[in-house]
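Chains W and S, in that order, are what the protein sequence lines are.
FYI, the numbering for the first sequence is 1 to 475, going by our numbering.
FYI, the numbering for the second sequence is 1 to 475, going by our numbering.
A portion of the hints provided could be inaccurate.
Remember, identical chains collapse to one label, so a pair may be satisfied in a single copy or spanning two.
Unchecked claim - Derived DSSO-like pairs: lysine-lysine, alpha-carbon spacing no greater than 27 Å straight-line:
hint	residue 1	residue 2
1	24	133
2	426	133
3	418	133
4	230	80
5	460	426
These are calculated hints, taken from the structure and not from any lab test.
Number of protein chains: 2
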Amino acid sequence: GAQLNPTTTDLPTPSLDHRTLAQKHDLFITSPYSPGSPLLLPNGTYIFEKLQAFLRAQYPIFGFREVITPTIYKKSLWEKSGHWENYAEDMFSVQGRGATGQTEDAQVGQDEEFGLKPMNCPGHCLLFGDATKTYRDLPVRYADFSALHRNEISGALSGLTRVRRFHQDDAHIFCRPDQILEEIEQTLKFVGMVYDTFGLGPYKLLLSTRPDQHFIGTPEEWDQAEEQLKSALNNSGRQWDINPGDGAFYGPKIDIILKDANGKEHQTATIQLDFQLPQRFDLQYQASPEELEANTPQRQGETLDSANRRPVIIHRAIYGSLERFMALLIEHYAGTYPFWLSPRPSIILSVNQDPAVLARVSYLQSFLSGMDHLEPRHSDPENTAPSSSAVPPKLRPRSLFGVHLPIDVDTSARPLGKKLAEARTKKYNHIIVIGPRDVDDEEGRISVELVNQPNIDAVKEVLRKVLGKDIEALE
Amino acid sequence: GAQLNPTTTDLPTPSLDHRTLAQKHDLFITSPYSPGSPLLLPNGTYIFEKLQAFLRAQYPIFGFREVITPTIYKKSLWEKSGHWENYAEDMFSVQGRGATGQTEDAQVGQDEEFGLKPMNCPGHCLLFGDATKTYRDLPVRYADFSALHRNEISGALSGLTRVRRFHQDDAHIFCRPDQILEEIEQTLKFVGMVYDTFGLGPYKLLLSTRPDQHFIGTPEEWDQAEEQLKSALNNSGRQWDINPGDGAFYGPKIDIILKDANGKEHQTATIQLDFQLPQRFDLQYQASPEELEANTPQRQGETLDSANRRPVIIHRAIYGSLERFMALLIEHYAGTYPFWLSPRPSIILSVNQDPAVLARVSYLQSFLSGMDHLEPRHSDPENTAPSSSAVPPKLRPRSLFGVHLPIDVDTSARPLGKKLAEARTKKYNHIIVIGPRDVDDEEGRISVELVNQPNIDAVKEVLRKVLGKDIEALE
Ligand SMILES: [Zn+2]
Ligand SMILES: [Zn+2]
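Turn these sequences into a full structure, and let the hints steer you where they fit.
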């Protein structure tokens, strides 16, 4: 329990369903107009984008580069990839409403229906295959946060966990067979880094190996690949297990099984090797001198030029579905998020509506949110009189790397007790109370309530510097 | 000409089509498997994401908060919004491949087809309408970078400009009628800030007003709204023009018409008022005391509670389509991007393959890319021997706010002249050449070639500090 959740002292209990917590924090809604496609409100989007930004910040370490790929592809692509057949019931089909009947002089596939993508792999194969690659260009690592659609039956849909539309932190590594070990090692490191950051764990690594009967490629290829997976698992220093014969027919895989605060197991990250897609898309690279020398025998049915080899594809996701990972974190943190992830990091409450108090609140809000260097925005509802006709001063854009925090204020005329209670219910990380004492008395102390902030002294120090005053922490 | 493009001395010429330049810089490809849905390669995605990040950094100034909304909605939603009828030929229809026939005990609309969204507005109306709003909650401003689909005929498709799939920097402002002026003023400021940043312009602002015949609402409502638009245009200090009677039947609008380097006009940003959608979605807010006192007459067919009012919706986009804006910038910069937007900011060339030279190149790359504090990645193709079985040290994650630059290297065995020529063709902003002199001789100077960098001295200073040496700039 407590160990799993070091950032809060509130222990999550089974009653704290992510849907209940999400409602309390205005994270998302659902609509009968698009069952299984949650609509993320600003607070939910804030968390989603922080998760995305965190992963993006790590991509340069691991050599991933992002790509942007289509949402719909013609049926022929899904036939080539095998999804049209193997994924039949799970896919949505798409048709132009204007495109009825057969076009004269049509291009190949012009009148074809499209499929809404359930996976990014075929698109990434198109990108890889577009330009000639040599052994020196590999590994090529494409990452993609695209929205994906899978046609789950409507009865099964629920919150962020059983959905029809979701986003993966999806990536495909196109590598030489001799690069599998290092790529798996790095991916396991990446998984460790991410799960440690969120205080998630322990987790179990599970290797699924070559099925007995039906599989693609030669037993030697599988053996070599599985040896590399085992070495990587050994080198990870983590506990792992084997599920013999449980791999897909197109390659072995490693699943990451996470135990949550309630002891429930979740399959989140996956690392899946694939010998099949490179073949279906006829992907190849110019072999290295060593590979040419080794002169490895071609697979059955392969018609590669003798100077070329097929890459292996590694499908991998660290979070898995971002929506499902969010649901997991919502329950994990029980609504009290770490400061950097929190859509409600701070709120400033005014004790009354004295103009001097309101001015202080407004200054503190703009300072703490990182907006203090900018021209103030006239968001006061009273202040909508036509502006002067003089040319307004040019607005300076904010830097791409500037930190912005969504600092809320409550300057309503309600009693402070009410405002405090509401702010507590909403689980703001910091609650800052500004009263007349702080305004009138140069020696006065600022009343501050801090929630879920392990380092209260550091926060007091920041506030003391901003306000030039001492802090009195409420309990 | 030159004035339009202050960041480069290369004048764009009509021969520099964005598709030609994009190929040279590996920005995107197209595929017959998804005509009109460009596939963005890592370099193109880099530019796309910088454009997105730049706008996101400005959203807090203007009070926009992002939301994430579905890609498909049931036909009934598009009927409610009017798109199913008015946008018929332009929409794609979507069906679950497993969902054939009619379900027994089906929910309303359960067996219905879906429409692939051509616009975000209906989704944002669902979000706005979900919780009760009062006059104090307005304006509510939702921003959304979702992929959108419109079924253009295949003959018209081309590059990034005529597409079926694109992303808008879309936003909807839900405001009170008396808030129109300030919202339009702020939006015009936002447009100015963005276009100034890219050195785009001059541009023309064009107001389209109430059509003579067919329009929604009362002439008084239109007059009040148009007065506010005119005041905002006057206060902007920019040149503007009027197109009388050219507004849509549901509201007046302001178009931004940009003149490019070749004198060609582009309609990029739009600001469109909408009196209709709030009615179709029955959106309302609890009126202010002033509004209740004014007791404005209800529109024909309105059945609002007397204590409530309808908000106005402002549809606005600053870039317009990100894809089209990218195409415009590609031609505007003629392939030589400002440093912050450039997918090829710097390359380091080695004069030879001396291990000391290679080590220096590698150090400089990791330093300049912002990765020097991290454990080095073993990307050397020779270095794939199994690691030791000791538990590896934990990797520190990079900060969300850390700057990362994609610094390339060319350490191939080719002659320096060849490498330089290739780097110049690829239009790297900085070309840095590392030779034995820089390694062996403590007094040696680093050879540096700098392209498109107005402040060469500042760059030399940075490099001098990193390398602890003087810089010799190649010409
Ligand atoms: Zn995949
Ligand atoms: Zn709209």
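Looking at the structure, which of the earlier hints fail to hold?
-> Per hint list: single violation, 4.
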